[in-house]
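Residue numbers (my numbering), protein chains in the order written: chain A, 0 to 115; chain B, 2 to 115.
Some clues are possibly wrong.
Said to hold, decoys possible - So the derived label-pair ranges between C-beta atoms look like this:
1) Q17(A) / R58(B): 39 to 45 Å
2) E81(A) / Q61(B): 42 to 48 Å
3) G84(B) / Q53(A): 35 to 41 Å
4) T103(A) / Q77(B): 17 to 23 Å
5) R58(B) / Q40(A): 28 to 34 Å
Hints were generated in silico from the structure; no laboratory data involved.
Beta carbons are placed, not taken as given, at the ideal position from N, Cα and C, and that holds for glycine.
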Amino acid sequence: KAGVTQTPRYLIKTRGQQVTLSCSPISGHRSVSWYQQTPGQGLQFLFEYFSETQRNKGNFPGRFSGRQFSNSRSEMNVSTLELGDSALYLCASTPGEGAPIRETQYFGPGTRLLVL
Amino acid sequence: GESVGLHLPTLSVQEGDNSIINCAYSNSASDYFIWYKQESGKGPQFIIDIRSNMDKRQGQRVTVLLNKTVKHLSLQIAATQPGDSAVYFCAENWGAPAGNKLTFGGGTRVLVKP
Numbered sequence: 000k001a002g003v004t005q006t007p008r009y010l011i012k013t014r015g016q017q018v019t020l021s022c023s024p025i026s027g028h029r030s031v032s033w034y035q036q037t038p039g040q041g042l043q044f045l046f047e048y049f050s051e052t053q054r055n056k057g058n059f060p061g062r063f064s065g066r067q068f069s070n071s072r073s074e075m076n077v078s079t080l081e082l083g084d085s086a087l088y089l090c091a092s093t094p095g096e097g098a099p100i101r102e103t104q105y106f107g108p109g110t111r112l113l114v115l
Numbered sequence: 002g003e004s005v006g007l008h009l010p011t012l013s014v015q016e017g018d019n020s021i022i023n024c025a026y027s028n029s030a031s032d033y034f035i036w037y038k039q040e041s042g043k044g045p046q047f048i049i050d051i052r053s054n055m056d057k058r059q060g061q062r063v064t065v066l067l068n069k070t071v072k073h074l075s076l077q078i079a080a081t082q083p084g085d086s087a088v089y090f091c092a093e094n095w096g097a098p099a100g101n102k103l104t105f106g107g108g109t110r111v112l113v114k115p
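Isolated chain B, as found in the complex (with noise of 0.2 Å):
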């Protein structure tokens, strides 16, 4: 994943509205990804994820799409919440033949107004 340092790219939607954060990975061996929410204080929290041999993946308010063709992810949220603020990361897994490793996109902030 690539570093964006001190200043996250943000992403400002009103409350109700849907959100879209994008993601490019890196290794089109990768196999698994996943999408992480942190919050201030916190540790990234699942939110979904999905498996290199689907395109989409739908969870409560959030759908995640993959296109290994470009190597592009998105994570899309309905109806975002003030709750929904937070900075969003992207990962993918793609380590060992054995094993769990990620490696993270550099993150969204997003920023819900009320």
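Next up, chain A with everything else stripped away, as it sits in the complex (with noise of 0.2 Å):
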């Protein structure tokens, strides 16, 4: 099976603007999760998406969001970008049943977003 993928890969922005990254998830999984990682604040939860529904969501403000495709194919989005949003944004996928048996989330490459 193919891996988690994101595009872009590299990305530049500047102050102001917004952006949308795209992540499709291991085929079958129906669960997408975002994370930002920050050499400040280390790998830091966004928000999980399952069946077209948010179903998690971190301590972002809203600037952040996201949303899910019938697919499972996953956006997220940064309106008006700050210079502190420069991260590596990461997507992992599993296959979305959940508690009461807690999946291994799977991650994507990345995509390194960087903010002037």
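The task is to assemble the complex, starting from two chains supplied on their own in separate frames and drawing on the hints.
Right, here's the structure in full:
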């Protein structure tokens, strides 16, 4: 099976712009989660989508949003970009059934976003 | 998990020796723990996991130990190889009743000396 894919791999934006990142999960996986990775804050959970609905949410401002399509592909959007949004954005997928059986999350290579 | 900023704790180990990486987790309600390995320019790669009803689990060259009393997790790598050089993260899953939400530790950099 192909792994999690993310596009684009690299992106440069300027402050105030908005950006959309895309994630295609492993075939058959229905849950997609997004994480932000920075040197200062490490890996932080943004949100999880399952069956086109947000199922879990982290502590990020409303400028960060996401959605999931019927084929389980997901996008995340960041509006009004700030310098501090420069990070590696990682997407992870699981089959999606969740608790009581916790599932291993498999990560994509990430999209590196630089905000100037 | 804690952030350690730009200066990750580093474990320097001789090739062929065993490595032990430690992690303290934050939530006593966490019921699932995972170790990931991240190489430069790549996303985290699953190594091994353990559920809260276990205290030890073994994989190929790796062993995870869980001590719920002190909320401590460790990863042991046997016969460390140059390809094991990477940053290692522990993660705990304690999100909503349903779903998957990981909280990561700050990471430990492992450097394998030939």
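How the hints compare with the structure:
Judged by the Cβ atoms, the range 39 to 45 Å given for Q17(A) and R58(B) holds: they are separated by roughly 43 Å. Here the CB-CB span from E81(A) to Q61(B) is close to 43 Å, well matched to the stated 42 to 48 Å. A hinted range of 35 to 41 Å holds for the C-beta pair G84(B) and Q53(A), which are about 38 Å apart. Between T103(A) and Q77(B), the C-beta spacing of about 20 Å keeps the proposed range 17 to 23 Å intact.
Checked against the hint of 28 to 34 Å, the pair R58(B) and Q40(A) passes, with Cβ atoms roughly 29 Å apart.
Against the hints set out earlier in the document, no violation occurs for any number.
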